[in-house]
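Undergrad: Sequence:
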Amino acid sequence: MQDLELLVCDTNGVPRGKTVDGATFAPGDSAHMAAAVFFQCITGDYAEESMAAHYPEDGDMLLVPDWATCRDVPWKSGACRQVICDTIDRAGDPVPFDPRNLLKRILGLYAEKGWTPVVAPEIEFYLLRPPRRQDRKLVPAPGVNERAEFGGEAYSSDALDKYAPFLDTVRTMSADLDMPVQAMSHELGPGQIELNIAHDEALLQADRLFLVKRLVKACALQHGYLASFMAKPVKGLPGSGLHLHMSLVAGNGTNLFALADGKAPPPLRHFIAGLQTYLPAAFALIAPNVNSFRRFVPGWSAPINLEWGYDNRTAGFRVPFSDDAAGRVESRVAGADANPYLFVAATLACGLLGLEEKLEPTAPAKGDTYGRPADLPGDLENALRVLAAHKKLRRLLTEDFVGGFVAVKRGELRNFGGWITPWEVGYLGSML
Numbered sequence: 170m171q172d173l174e175l176l177v178c179d180t181n182g183v184p185r186g187k188t189v190d191g192a193t194f195a196p197g198d199s200a201h202m203a204a205a206v207f208f209q210c211i212t213g214d215y216a217e218e219s220m221a222a223h224y225p226e227d228g229d230m231l232l233v234p235d236w237a238t239c240r241d242v243p244w245k246s247g248a249c250r251q252v253i254c255d256t257i258d259r260a261g262d263p264v265p266f267d268p269r270n271l272l273k274r275i276l277g278l279y280a281e282k283g284w285t286p287v288v289a290p291e292i293e294f295y296l297l298r299p300p301r302r303q304d305r306k307l308v309p310a311p312g313v314n315e316r317a318e319f320g321g322e323a324y325s326s327d328a329l330d331k332y333a334p335f336l337d338t339v340r341t342m343s344a345d346l347d348m349p350v351q352a353m354s355h356e357l358g359p360g361q362i363e364l365n366i367a368h369d370e371a372l373l374q375a376d377r378l379f380l381v382k383r384l385v386k387a388c389a390l391q392h393g394y395l396a397s398f399m400a401k402p403v404k405g406l407p408g409s410g411l412h413l414h415m416s417l418v419a420g421n422g423t424n425l426f427a428l429a430d431g432k433a434p435p436p437l438r439h440f441i442a443g444l445q446t447y448l449p450a451a452f453a454l455i456a457p458n459v460n461s462f463r464r465f466v467p468g469w470s471a472p473i474n475l476e477w478g479y480d481n482r483t484a485g486f487r488v489p490f491s492d493d494a495a496g497r498v499e500s501r502v503a504g505a506d507a508n509p510y511l512f513v514a515a516t517l518a519c520g521l522l523g524l525e526e527k528l529e530p531t532a533p534a535k536g537d538t539y540g541r542p543a544d545l546p547g548d549l550e551n552a553l554r555v556l557a558a559h560k561k562l563r564r565l566l567t568e569d570f571v572g573g574f575v576a577v578k579r580g581e582l583r584n585f586g587g588w589i590t591p592w593e594v595g596y597l598g599s600m601l
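Going by our numbering, 246 is the number at position 77 of the sequence shown; the sequence numbering is gapless.
Careful: at least some of the hints might be erroneous.
What the hints assert, rightly or not - In the EDC-like style, the derived pairs of lysine to aspartate or glutamate whose C-alpha atoms are separated by at most 20 angstroms in a straight line are:
#1 K245 - D304
#2 K535 - D480
#3 K527 - E281
#4 K432 - D492
#5 K282 - E174
#6 K273 - E370
#7 K386 - D345
#8 K432 - D493
#9 K306 - E318
#10 K404 - D304
#11 K245 - E322
#12 K404 - D548
#13 K560 - E550
#14 K273 - D258
#15 K404 - E322
#16 K273 - D255
#17 K561 - E581
#18 K273 - E529
#19 K273 - D569
#20 K187 - D172
#21 K273 - D172
#22 K187 - D258
#23 K273 - D235
#24 K535 - D430
#25 K560 - D537
#26 K245 - D190
#27 K404 - D345
#28 K386 - D430
#29 K282 - D369
#30 K187 - D255
#31 K245 - E318
#32 K432 - E370
#33 K187 - E174
#34 K273 - D369
No lab work stands behind these hints: they were computed from the structure.
Start from the sequences and build out the full structure, keeping to the hints where you can.
TA: This is the structure:
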């Protein structure tokens, strides 16, 4: 007998699904699961009103395996495989609340124009001591032989060696699962690692990123760590980002973003302008948690505005130094906590609007952009308000999806508002 894990990615990027007997689950089979999974908050509560409006009977959807995504689950004992599923309703239509279906919708709009987005993600995470319920803060984990780190070791090969057993496991398993990790590096924070995934088509890359995050967390558990993709897990240390390099390939194989004598061509400028114009309204999709906004601190390699520039890492959008044929833009805005499908979908949607409307970006920024005004939403509540009110994005991303997403996130905000924070305990509790 071989277990088969049928996976979907929920609104928060958490793997959900069910396990079936792989020996009897044949190609062409599907499975039932409650559609309410897409209304589940990170706390386990549900966005009840929105769910009731669409699924008043708490009914099922169908999980239809996308067999191209089927892989082993090497960190589990015994024979086990995993496959990402398409979700459809009773009428055979894609479930509109599924983040993967949203990305497929946006990619379909590109395909209608004969364009194929190609992307390469870079994701950062921390290795932490596994927390206990009563802990009030997260702490970076030491490496082998309890060798502690204190930060400031970015790009240090020796620092990376402190976590060599864990990284060897990640490298081996990712290669076995056809999820090629192109590079690993130590970031600035203690126990902070970055993984680079080789470029490929956008849906394949979002699938890989979804599974790589699952793989990293499983490997960390084997080695006694907690791998956290939280945007800002430790006060006073750098946040963890999710960067995305993007190019656009025409039907004849031409890179429409190829540079001309080192300068951005019109399609690349239009794409960047679309990001500058529309991403502030779509920001909740790439900064989806209360904690996401703690990462945007000047000087910590996290942009505070949507400036763009040539090989400028202080800007939100960077056109890297490269051969002209490899022209691309890197979005440096999102944190590692972003749902891979929603991050890619929102970014490509905003860029598509720029291409369609032939928008022009601001002048490329030179020097340190942290001194320029911040133009990002300041918190999740404001980001959700702007998204909910933006008619153009609601049409592009669909009313159903935006409504469901906003309902889930507002439910999480209500829950968060009921907690007493360590700051309140430490200062107000003792001083007032």
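Undergrad: Hint by hint, note whether the structure agrees.
TA: Hint-by-hint comparison with the structure:
| no. | hint | result |
| --- | --- | --- |
| 1 | K245 - D304 | 29 angstroms, violated |
| 2 | K535 - D480 | 9 angstroms, holds |
| 3 | K527 - E281 | 17 angstroms, holds |
| 4 | K432 - D492 | 11 angstroms, holds |
| 5 | K282 - E174 | 36 angstroms, violated |
| 6 | K273 - E370 | 12 angstroms, holds |
| 7 | K386 - D345 | 17 angstroms, holds |
| 8 | K432 - D493 | 8 angstroms, holds |
| 9 | K306 - E318 | 17 angstroms, holds |
| 10 | K404 - D304 | 14 angstroms, holds |
| 11 | K245 - E322 | 33 angstroms, violated |
| 12 | K404 - D548 | 17 angstroms, holds |
| 13 | K560 - E550 | 18 angstroms, holds |
| 14 | K273 - D258 | 16 angstroms, holds |
| 15 | K404 - E322 | 18 angstroms, holds |
| 16 | K273 - D255 | 10 angstroms, holds |
| 17 | K561 - E581 | 25 angstroms, violated |
| 18 | K273 - E529 | 27 angstroms, violated |
| 19 | K273 - D569 | 15 angstroms, holds |
| 20 | K187 - D172 | 10 angstroms, holds |
| 21 | K273 - D172 | 28 angstroms, violated |
| 22 | K187 - D258 | 17 angstroms, holds |
| 23 | K273 - D235 | 13 angstroms, holds |
| 24 | K535 - D430 | 18 angstroms, holds |
| 25 | K560 - D537 | 34 angstroms, violated |
| 26 | K245 - D190 | 15 angstroms, holds |
| 27 | K404 - D345 | 36 angstroms, violated |
| 28 | K386 - D430 | 43 angstroms, violated |
| 29 | K282 - D369 | 19 angstroms, holds |
| 30 | K187 - D255 | 14 angstroms, holds |
| 31 | K245 - E318 | 30 angstroms, violated |
| 32 | K432 - E370 | 24 angstroms, violated |
| 33 | K187 - E174 | 6 angstroms, holds |
| 34 | K273 - D369 | 15 angstroms, holds |
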